[in-house]
Every structure is written in structure tokens, then in C-alpha cells.
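Peer 1: Make a model of the complete structure from these sequences and hints.
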Amino acid sequence: MNKKIVSVFLCAAMAVTLIAGCGAPAAETGGNEDGGSSTAASEGIPKDEIKVGFVHISDPSDMGYTYNQDLGTQEMQEALGLSDDQIINKYNVAEDASCDTALRELVDAGCNIIFATSFGFEDYVVEVAREYPDVQFCHATGYQAKDAGLDNFHNYFASIYEGRYLAGIAAGLKTETNKLGYVAAFPFAEVISGYTAFYLGAKSVNPDVTMEIMYTNSWNDPTVESQVAKALIDRGCDVISQHSDSTAPATTAEDNGVWQVGYNNDMIEAAPNASLISPRIDWGIYVTEAVQAMIDGEEIPTDWCKGLADGAVYLSPLNENIAAEGTQEAIDEAAEKIKSGELHVFAGPLKGVSPDGEEYEVPEGEYYHEQEEASAPSWLYIIDGCTVVE
Amino acid sequence: MLNTLNGLFIAAVLAGTPLLLGALGEILTEKSGNLNLGVEGMMFMGAITGLAGSYYYEQAVISAGGNPNGVLSAAIALLTSFLAGAGGALIYSFLTITLRANQNVTGLTLTIFGTGFGNFFGEYIGQKAGGYVAVSETTKKAFSGLQIPGLSDIPVIGPLLFEYNWLVYFAIIVAVVMAWFFNRSRVGLNLRAVGEDPATADAAGINTTLYKYLATVIGGGICGIGGMYMSMVTTSGVWVHDCVSGYGWLAVALVIFATWSPARGIIVALIFGGLTIMRMYINIPGLPAQIYDMFPYIATILVLVITSMRQSREHAQPKSCGLNYFREER
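Chains as they are written, first to last, in the working numbering: chain A, 1004 to 1393; chain B, 1494 to 1823.
Treat the hints with care, since some could be wrong.
Simulated crosslink set (SDA-like; lysine to any residue; CA at most 20 Å straight-line) [claimed, not checked]:
id, chain 1, residue 1, chain 2, residue 2
1, A, K1093, B, E1616
2, A, K1093, B, F1613
3, A, K1182, B, M1494
4, B, K1812, B, N1595
5, B, K1621, A, I1298
6, A, K1182, A, K1093
7, A, K1093, B, N1595
8, A, K1093, B, T1608
9, A, K1354, A, T1390
10, A, K1093, B, Y1617
Here are some chain A residues pointing at chain B (derived, C-beta under 8 Å) [to be verified]:
id, residue
11, S1064
12, M1066
13, M1217
14, N1220
15, A1234
16, E1257
Derived list of chain A stretches under chain B, where covered just means 3 residues or more per stretch with a C-beta under 8 Å from a C-beta of chain B [said to hold, decoys possible]:
id, segment
17, 1183–1195
18, 1221–1233
These are calculated hints, taken from the structure and not from any lab test. Model, not experiment: these values are computed from the prediction. Cβ coordinates follow ideal geometry from the N, Cα and C atoms, glycine included.
Peer 2: Structure representation (C-alpha cells):
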């Protein structure tokens, strides 16, 4: 009996020493890091000590959204001269509790600033940001920063609707049936704002054009994207655009002899006879600015949004072989007007209904201030000429 | 209205074909008493190797200064995807038949392995190609809809029946041949005996190990061709990350829906394919898309309930399915 008690005590003692043995150095270094980063806000972090973390929903092989995000990361790394081990990427993180885990792992790895790039990450980011006030968190496409009341939580996005408007011009000039099709991910403001801008762009050069929208209910599901594109083509649409991550709509359009306008990436290589042009976001501008702010000890803006005028939104090269004549000129002209502020995409008179049935009207002579007060798109009204098929 | 229904039918055939191929492979496998849950994995392996086969063939021909041949390119895709699926199934067969590992666990492992295999090599070849892996115009043409002189020109019926890509007809031929094989041939009867009761089959002098190996490996190869359909037809010869996206699991469900009958598989795949794309063609006001997405699974559950109520021996899972046969245990 005594033997047993002794052995239990021995085991317990061993366990305690083990924990203490491992725990002590960790606590020490942890303390040092904390001390370093708490002064960081005012003094900045030396460039060779800063660590940057990213959480992505996919990985760069998607050749779409995450690929484009990763280009931004590389741009930042080059501009600031960071080494590879100063950047930690978490790829293929789902929009669920695994995001929480990924964020905490990045904090444990000593990241001073963490970027989360998918819409559904936001709730987890807010929670983790509350727990770690010394680490800066930046969330792309989100909307909660201005109300969260946290100094270390920021939203960022780009005025992609400006790019979509310009891409819409290419579609409006190309269409022969005067019917556009749009493969849309979700009935969210980000998506609705995008396709409304695209439609308005097409309408600006082709007043007879209408558009049909079908949702895939997923950001990235190539099979469904392809099927939805086919269904739209069957309904008579002859230019397909998309707010979804893969090239499947482009290849489906090519297969069926119609045209396509992409998103996130130049898709001409995937569908040389169909893809006209793609609006893109240059994420590198923001990521570079934010990391630079950390190095300089400056504050990162709560909401960051830049557009065409600053180069944060741009268009991939036009596919001259198949685009209608005069497309490039029309796009350049509209782009100049948007940059100078003469042209507003959501200019009145505009009338729309949100998916919840709420009506909204922009009177003549005024315009909807999209992405001006917050970085997240907020236009969620489906206007005349656009039909959601469901 | 008629146009919509025609469109729905055509889309259903296109959506149902990879499911049919996956299900046929799995039916052949299960008839030998092996429950291979690695369909998704084998489809991924077939998807990337089929695409890679065509792609590297084209690159080789182009760099030699020639013009790639569409038919040859398609044949290479067929062969490589079959071999990849068969290779995956061979791993499974060795583990379950020779080493008698647990079939469920081995199958699930194969799914995880195959998914990683497909995405890894898809990404790798893509990076080497400097962006996309995309096959040329010639191969894309070889996988798009056929134009059969005479037949395709018949109004209505032509586009409805004779304008699909060749894999659709291939899948139907495989189903018909397999139905004949199970019901009309001696070897097919032997195979069914192995799946129902390997001990009895063994006593009757049938080489159970050989039957199990062959059925599983060929079944895996057919699953691989189903995966190739995803990369060559659905995404038109461009590698898209995660392109099989659960279709392998749908195929496993389809096996149950088809009650292990290849001939019934044709109709059931059409229904299954139709149910998956129905919401894009038929709009019932007020019915959310998520409900539509449930239809295939509700149908599977209903079929399970009905077949178990009828307790028909004819249309049930082979009896020894999922159990490993060990001769010395008799």
C-alpha cells in the first residue's frame, strides 16, 4: 500500500517538475515578447523582428482569390525586404472554429500583425483580437471594425465595384442577345454591390441590356459554378461574369461558344476564346501600408478602402482578339471619369429592392456613397434589369 | 417550357455521368465483397492523371514541332486516369485482401490520400506551367459535345440524345456491359458468389483472392475515369483546386440508390444528376436553394427505407460486403 502511495507521489512530482521545466523558459520568452510589443504601438518594431501572419480560406493554387491575396503578400515582402521566416501563411482554413485555432497559433508564433482574408473569419478575428490587445488584426471584406471598439482590429477592402463597372462595359459592348449572366456566390452586399456595378457598366454602353443572376451558395465550388454558368447560357445569356473563385465559368462559357468576364485573376489563359477581361484587386498596397505602419509605430486605420485612382483596383489586359471594337477606348474614358470623380457608379436615378424586400431609391443628381463610410460594400439592392433566378 | 425541360435533361445527363462512372466502379467493387470508401480519392487521382496525361502528351508533341491529335490525347487521358484509379484500388486491395486491414478505415484513408495526391500534383504542374494547367484547343474539342452526322441534326431528339461528349456514351456502354456481365456470364456469377459468400465460393473452387483483386482494381479504374470526367469535361481541361468536391461520396450514395444494379444505375444517375441541378432550371417560388440541395440525399434515404421494407434479397448489398475473407477462419 505504502509503495503505491509513494509511487503516485513520485509520478506527481515528476509531472510537476516536467511542467515547471518546460513552462519556465516559455514564460520567460513570452514575457520578453509581451514587453517588446506593448511598447511597439508607440515606438515601432524593428523591421527584422516583425512577424506577419495570414489566414486564408484556400491556397494560391486556386488561381483566384487566394492566389491574388498571395501576390499582395509577395509585393509587401519585396517592398519591405522581409525574410521568408517573418511571414507565416495559414492556408485552407475553413470559416469555422479552425479559424480561431489558426489565429491563436499565429499569435503563439509571435506574429505582431495578422491578416485574415475571408469574409466568414470576422467573428473569430474579433474574439481573438479582444484577447490579444498587443497584436494587430486586419480583416479583409469585413464590416465590424467601426463598431467593435477595439484599437487593434481593422477592416480593409478595395472599391472593386469600380473595376466591375469598367469590366461591365466590355460585356455590354460584346453581348449580342443583350442578356448577361452572373454566377454569384451568396446574396451578400459584397456580391450584390459587385454585380449591380457590373450591370450598370454594361448598361452605360448598351441601354437594352438585362442580366440574370444565379447563386452558387459557395465561394468556391467549380462543379456548381460550371453548372450554373451552363444554366445561364441555356437561358440565353451570352456573356457570363462571376463572383466566385474558380475558372469553371470561363471554361464553360468557352465550351458553349459564349464570352466571359472574370474576377481576381487574368483568366484568358484558361479560356482564350471566351475570357474578355477581369477586374482585380491589388492587395499589396494595403498590406504594405499596414506592415509599414507597424514598423514606424503608427496607427493602422480602422477602415481602409482605396480604388481605381490609387491602383488598388485594376483591370487585367483586355483580350483584344475577341473584344468588341472600341472597348478599350470606352473603358479608358470611363476610368478617367471615375478617377476624376466626375462619374459615380451608383448614380441616381436608381431604384432597387434588397433580398429582404426593403426598397431603396437614389434620386436623380445624387449618388450612393458606396464604400465611403466603411470599407465593406453596403449596396444590397437589386435594381431593375437584374433578375435573380432562384 | 419545352426548352427548359430539354435544357434540364441535358444538364442532368452531364451532371450524372461522373456519378454514374463512380457508382459503376463501386458496384463492381462491392459485388466482390469489398466496400471501398475511397471513391472520392480514386476520382481525384484519375482527375489529375488524366489531365496530366493529355497535357504532357500535348507538350511533348508541340515541343517536337508536331500537332497534337485530339483522339490520341483523349485516349491517353482515359488510359492514365484508369491506371491511376486502378493503382489506388490496388493499394486498397493489398491492404484489405492480402493484409486483411479494416475496409472502412482503408477506404477513408484512400480518400484522404487521393484528395491530397490530386491537389498536390495539380498545384505542382500548375506552378511548373507558370499559372494554369490548361490543355490546348484540340483536346478541349475532343472532350466537348459530338456532332454525329445525321443523328445530331434530328430536331429536338438530336441535341437531346446525340450531342454529348463521348464519355457519356462510354459510361452507358460500361453500364450495359456490366449488367450483362453480372447477370448473363459465368464469371459474373462467380464474382457475385464471392461477394455474397466467399467461403462457399472458395469451396466451389473459385479463386476468391483473384476475383476480389480484379474486381476492386478494375472498379477503381472506372472510378478514376469518373474523376477524369470532372477535370476534362466539367472544368474543360483546366485544373481547378478541389474539382471533384464530394462527387465521389455522391457516387457511393448512388450505389445504394441504384440497389447495386448497373442498368438501374443509368436511370438513377440521371435522376441524381437532375436533382443536383434542378434548382437552376425549375424555380419553385419561395423554396430556398438549400432545400433543393437536399433532394438527392432525401431520395437516397427514401430508397433505403423502401428497399429495407420490401426486404428483397435481389436488390440488397452483397452479403459479405465490408468483411474480409480469411480462409483459415472457416
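Peer 1: For every hint, state whether the structure bears it out.
Peer 2: Cross-check of the supplied hints:
Restraint check: the Cα-Cα separation between K1093 (chain A) and E1616 (chain B) comes to about 17 Å, which is no more than 20 Å; the hinted pair holds. Restraint check for K1093 (chain A) and F1613 (chain B): the C-alpha separation of about 16 Å stays at or below 20 Å, so the hint holds. The hinted pair formed by K1182 (chain A) and M1494 (chain B) meets the criterion: a straight-line CA distance of about 19 Å does not exceed 20 Å. Of the pairs offered as hints, the one joining K1812 (chain B) and N1595 (chain B) holds, with about 16 Å between alpha carbons and a cut-off of 20 Å not exceeded.
Distance restraint check for K1621 (chain B) and I1298 (chain A): the Cα-Cα separation of roughly 35 Å exceeds the 20 Å cut-off, and the hinted pair is therefore not satisfied. Pair hint K1182 (chain A) plus K1093 (chain A) does not hold up; C-alpha atoms about 41 Å apart against a cutoff of 20 Å. Using a Cα cut-off of 20 Å, the hinted pair K1093 (chain A) and N1595 (chain B) is violated, with the two alpha carbons roughly 33 Å apart. Annotation: proposed proximity of K1093 (chain A) to T1608 (chain B) holds, straight-line Cα distance about 19 Å (limit 20 Å).
A hinted pair counts as satisfied when its Cα atoms are at most 20 Å apart, and K1354 (chain A) with T1390 (chain A) qualifies at roughly 14 Å. For the proposed pair K1093 (chain A) and Y1617 (chain B), the alpha carbon gap of about 19 Å is at most 20 Å, so the pair holds. The closest approach between the C-beta of S1064 (chain A) and any C-beta of chain B is roughly 4 Å, which is under the 8 Å cut-off, so the hint is satisfied. About 6 Å separates the beta-carbon of M1066 (chain A) from the nearest beta-carbon of chain B, less than 8 Å, and the hint is met.
Residue-level restraint check for M1217 (chain A) holds (minimum Cβ-Cβ distance to chain B is 6 Å; threshold 8 Å). Taking 8 Å as the C-beta cut-off, the interface hint given for N1220 (chain A) holds, the closest approach to chain B being about 6 Å. The restraint placing A1234 (chain A) at the interface with chain B holds, with a minimum CB-CB distance near 4 Å, inside the 8 Å limit. Annotation: interface hint on E1257 (chain A) holds; nearest CB of chain B at approximately 7 Å, less than 8 Å.
With 0 residues having a beta carbon nearer than 8 Å to a beta carbon of chain B, the segment 1183–1195 of chain A misses the requirement of three or more and the stated coverage is violated. Note: the segment 1221–1233 of chain A has 8 residues with beta-carbon separation from chain B under 8 Å; the three-residue rule is met and the coverage holds.
Checked against the numbered hints given earlier, the structure breaks hints 5, 6, 7 and 17 and satisfies all the rest.
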